[in-house]
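J.: Sequence:
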Amino acid sequence: MNRCKISRFWLFYFAIRFFYLLFTIFVYARLTTLGDTHRYLDANIPFSLRIFYDSNYFMDFFAGTTSSFFRGNMLLSNIPAMLISFFVTKWVIEKLSLRKYVNNILLMVMISLPNFVIWTSVWSKEVFGLVYSAIIAVLIINFLNGNYKIKIVHMLGLYLCLLFNPQYMPFILQGLIFIYVSRKFLKHNSVGQFWLAFVFLCINISFLFAIRDIVNMYAGRMHAHFDFYFAGSTRDNIFLEDYDFFRHLPWGMFIAFFGPTLAEMIENPLHAIAGIESLMKILLFFYLSKYIYTRYVLKFRIPSLLPISYHIIFFGILFIHYPFGVFNPGSAIRYRSRFIFLFIILLLYLYGQKKNYMIRKKLRA
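Note that my numbering has the sequence shown beginning at 39, numbered continuously upward.
Hints were generated in silico from the structure; no laboratory data involved. It is possible that some hints are incorrect.
[What the hints assert, rightly or not] Capping the alpha-carbon separation at 30 angstroms, the derived lysine-lysine pairs in BS3-like fashion look like this:
1) K328 / K225
2) K393 / K225
3) K133 / K328
4) K187 / K225
5) K328 / K128
6) K189 / K138
7) K222 / K393
8) K392 / K328
9) K392 / K222
10) K392 / K138
[What the hints assert, rightly or not] Taking CB as the label site, the calculated pair distances span:
11) N227 / F292: 32 to 40 angstroms
12) F50 / I243: 45 to 53 angstroms
13) R259 / N94: 28 to 36 angstroms
14) N94 / R285: 32 to 40 angstroms
Cβ coordinates follow ideal geometry from the N, Cα and C atoms, glycine included.
Kindly produce the complete structure, drawing on both the sequences and the hints.
T.: Printed below as a string of structure tokens:
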């Protein structure tokens with residue numbers, strides 16, 4: 039009976055994935071751009087070592103080779119990308135036994151969010167963002183459980199992250215180091231873990247202060263990049279004065295994650311749909327992490343290992359994402375799809391662990 043339920047669940051999810059693949063190719067692609075998908079599929083480059091250290095060559099080679107095999111058929115050429123996303127999603131859900139403690143409907147909603155599925159169902163860097171997000175999520179959870187073995191699959195996930203988005207790696211490594219030091223030397227000392235987190239924060243702020251001029255220089259160049267590639271929907275440049283990057287930091291991080299502003303949602307139906315999805319996503323994230331806020335924030339308790347490590351990783355990645363998503367709602371949503379699955383899996387695990395604890399507590403009572 040259990041096998042039958044699992045089969046139905048994944049069969050339904052596969053149908054969702056395939057539907058969004060059809061929708062993306064035959065509907066969505068006519069309403070907006072599919073990023074670099076067409077360029078990848080039209081590429082015709084020979085195998086070379088460069089594909090292992092250049093993400094564009096990596097995408098050109100694999101997507102272009104697939105397209106050549108299917109003679110340029112748009113639907114058939116993108117099916118391998120959709121299958122990669124489907125099987126990796128299935129792998130991580132089953133690997134972490136999330137269906138055991140997370141309601142199937144809630145789980146299905148979290149892994150079927152429209153823009154996330156759209157961008158990870160065709161050849162795009164977001165597909166491999168999903169892959170490394172899934173693998174790194176498993177590695178982080180292994181560390182939380184005291185298993186520090188780094189296997190070949192974990193090395194693959196770290197390699198893909200370095201290949202496609204090396205800027206995320208410092209905060210992922212910080213999260214892993216924090217978990218390792220906390221579990222190895224601080225045990226269950228929440229006060230010690232809090233002060234360790236404070237040290238991490240001070241180091242990050244000091245480093246950022248030391249390179250503030252470099253950050254300021256590169257921030258000033260960001261708008262020109264988006265003005266060139268997204269001329270029709272680029273927002274006004276907000277990095278006009280020195281250190282505007284830091285002055286707009288809180289709002290910039292939020293809108294870079296959320297995507298469209300209220301005004302953009304009113305003007306554009308696609309932005310309205312994306313904004314509603316983003317709002318729904320944030321509400322679901324708060325629901326999955328309510329354990330953190332009810333136990334630590336509302337009761338004024340010192341945070342422990344899991345919430346601190348999550349915040350290091352989440353806010354670190356959102357900080358890095360900020361200049362890449364603040365100037366264009368479309369790019370914000372697309373680039374967000376590279377790391378959002380990491381957030382989803384870690385929060386589902388948090389929610390599942392709390393449910394598991396409550397079940398065991400009731401059984402003991």
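J.: Does each hint hold? Answer for all of them.
T.: A quick look at each hint next to the structure:
Proximity of K328 to K225 is assessed by CA-CA distance (about 24 angstroms); at most 30 angstroms being required, the pair is judged to hold. Annotation: proposed proximity of K393 to K225 holds, straight-line Cα distance about 23 angstroms (limit 30 angstroms). Among the hinted pairs, K133 with K328 is consistent with the structure: their alpha-carbon atoms are about 24 angstroms apart, no more than 30 angstroms. Note on K187 and K225: the hinted pairing holds, with a Cα-Cα distance of about 19 angstroms set against a maximum of 30 angstroms.
Between the alpha carbons of K328 and K128 the distance comes to roughly 25 angstroms, so the proposed pair stays at or under 30 angstroms and holds. Taking the CA atoms of K189 and K138, the gap is about 25 angstroms. The hint holds against a cut of 30 angstroms. Simply put, K222 and K393 have alpha-carbon atoms about 26 angstroms apart, close enough for the 30 angstroms limit, and the pair holds. In summary, the hint linking K392 to K328 is supported, as the alpha carbons are separated by about 10 angstroms, within the 30 angstroms threshold.
For the hint pairing K392 with K222, the CA-to-CA distance comes to about 23 angstroms; that is within 30 angstroms, so the pair holds. Between K392 and K138 the alpha-carbon distance is near 12 angstroms, which keeps this suggested pair within the 30 angstroms criterion. Between N227 and F292 the beta carbons are some 33 angstroms apart, a value that agrees with the proposed interval 32 to 40 angstroms. Between F50 and I243 the CB atoms are about 46 angstroms apart, so this pair conforms to the stated range of 45 to 53 angstroms.
In this structure, R259 and N94 break the distance hint of 28 to 36 angstroms, their C-beta atoms being roughly 20 angstroms apart. The given range of 32 to 40 angstroms is respected by N94 and R285, whose C-beta atoms sit roughly 33 angstroms from each other.
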